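The residues making up each chain are set out below.
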Amino acid sequence: KQEVTQIPAALSVPEGENLVLNCSFTDSAIYNLQWFRQDPGKGLTSLLLIQSSQREQTSGRLNASLDKSSGRSTLYIAASQPGDSATYLCAVAGDSGAGSYQLTFGKGTKLSVIP
Amino acid sequence: DAGITQSPRHKVTETGTPVTLRCHQTENHRYMYWYRQDPGHGLRLIHYSYGVKDTDKGEVSDGYSVSRSKTEDFLLTLESATSSQTSVYFCAISERGLAGYTDTQYFGPGTRLTVL
Numbered sequence: 001k002q003e004v005t006q007i008p009a010a011l012s013v014p015e016g017e018n019l020v021l022n023c024s025f026t027d028s029a030i031y032n033l034q035w036f037r038q039d040p041g042k043g044l045t046s047l048l049l050i051q052s053s054q055r056e057q058t059s060g061r062l063n064a065s066l067d068k069s070s071g072r073s074t075l076y077i078a079a080s081q082p083g084d085s086a087t088y089l090c091a092v093a094g095d096s097g098a099g100s101y102q103l104t105f106g107k108g109t110k111l112s113v114i115p
Numbered sequence: 001d002a003g004i005t006q007s008p009r010h011k012v013t014e015t016g017t018p019v020t021l022r023c024h025q026t027e028n029h030r031y032m033y034w035y036r037q038d039p040g041h042g043l044r045l046i047h048y049s050y051g052v053k054d055t056d057k058g059e060v061s062d063g064y065s066v067s068r069s070k071t072e073d074f075l076l077t078l079e080s081a082t083s084s085q086t087s088v089y090f091c092a093i094s095e096r097g098l099a100g101y102t103d104t105q106y107f108g109p110g111t112r113l114t115v116l
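Chain order of the listed sequences is H and Z.
Using my numbering, count along the first sequence one by one with no gaps and you end on 115.
Using my numbering, count along the second sequence one by one with no gaps and you end on 116.
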């Protein structure tokens, strides 16, 4: 059974700092890994998707890396802003058995960026 | 934002009563999913659908049933609600499933269900 772990559970940083969020998973047989953002009381928003054959993806100030063989991914946020405050979720996609994929989520890292 | 709505957005009910949550999409995506989110557990898959009338179980399907009679609607039913089913329920959709490895899931706003 796939297990996804995110460390740390919570992180508080001053505005402008660069930061790294960590995600690890136990089964390397994945199709892709995704990072989501969740604001309080809201649904999830997809930030980045890395296919299993890729090493990294970038979107603006966000960069996600994937090392499938070691079961690790990192989300790098450059020049953090108060608007980046949210919970960040890592999810890995595996075979659900019916032509679709099943996402297994970590419990998230709650980020607070202090002005 | 993907066109996904969930109804109701909030519901309080009593133990033993039936509850149906509705997910409606306007994207014509083939795949639809129901998750629950609980503190300490993260999001867990309850059931999913890979087409009209085609559904399968997820990780935490006990006590839940689903139906999909139209592409745009995916219903989650708690036949007899229990306090352990108090949670936030999210619906998600995706277009191509395994056929597109760049496929992502788009999430609805969630339904907060409290079972007393």
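I should point out that these hints are in silico values taken from the structure, not numbers from a laboratory.
Predicted model, so just to flag it, every value in this text is computed and none were measured.
It is possible that some hints are incorrect.
Listed below are the simulated EDC-like cross-link pairs for lysine to aspartate or glutamate, each with C-alpha atoms no more than 16 Å apart in a straight line [to be verified]:
| # | chain 1 | residue 1 | chain 2 | residue 2 |
| --- | --- | --- | --- | --- |
| 1 | H | Lys107 | H | Asp67 |
| 2 | H | Lys68 | H | Asp27 |
| 3 | H | Lys1 | H | Asp39 |
| 4 | Z | Lys53 | Z | Glu72 |
| 5 | Z | Lys57 | H | Asp67 |
| 6 | H | Lys107 | Z | Asp38 |
| 7 | H | Lys107 | H | Asp39 |
| 8 | H | Lys1 | H | Asp95 |
| 9 | Z | Lys70 | Z | Glu27 |
| 10 | H | Lys42 | Z | Asp56 |
| 11 | H | Lys110 | Z | Glu59 |
| 12 | H | Lys1 | Z | Glu59 |
| 13 | H | Lys68 | H | Glu17 |
| 14 | H | Lys68 | H | Glu56 |
| 15 | Z | Lys70 | Z | Asp54 |
Legend entry - Pairwise hint evaluation, Glu59(Z) against Lys110(H), where the allowed Cα distance is 16 Å at most: violated, 24 Å
Legend entry - Proposed proximity, Asp38(Z) with Lys107(H) (alpha carbon, max 16 Å): holds, 9 Å
Inset, instruction - Sort out whether Glu17(H) lies within 16 Å of Lys68(H), counting only the CA atoms. - result: Violated. Lys68(H) to Glu17(H) sits at ~27 Å, over the 16 Å cutoff.
Inset, instruction - Please work out if Lys107(H) and Asp39(H) have their alpha carbons no farther apart than 16 Å. - result: Distance of about 14 Å is within 16 Å: holds.
Legend entry - Agreement of Lys53(Z) and Glu72(Z) with the hint, judged by alpha carbon distance not exceeding 16 Å: holds, 12 Å
Inset, instruction - For the pair supplied as a hint, Lys42(H) and Asp56(Z), confirm whether the alpha-carbon distance does not exceed 16 Å. - result: violated, 26 Å
Legend entry - Restraint status (C-alpha distance of Lys70(Z) to Asp54(Z) at most 16 Å): holds, 11 Å
Inset, instruction - Verify the proposed pairing of Lys1(H) with Glu59(Z), using a straight-line Cα cut of 16 Å. - result: holds, 10 Å
Inset, instruction - For the pair supplied as a hint, Lys70(Z) and Glu27(Z), confirm whether the alpha-carbon distance does not exceed 16 Å. - result: Holds: Lys70(Z) and Glu27(Z) sit about 13 Å apart, inside 16 Å.
Legend entry - Given pair status - Glu56(H), Lys68(H), alpha carbons within 16 Å: holds, 11 Å
Inset, instruction - Take the C-alpha atoms of Lys57(Z) and Asp67(H), compute the straight-line distance between them, and say whether it is at most 16 Å. - result: violated, 30 Å
Legend entry - Hint consistency between Lys1(H) and Asp95(H) [alpha-carbon to alpha-carbon, up to 16 Å]: holds, 11 Å
In this structure, the hints that do not hold are numbers 1, 3, 5, 10, 11 and 13, in rising order.
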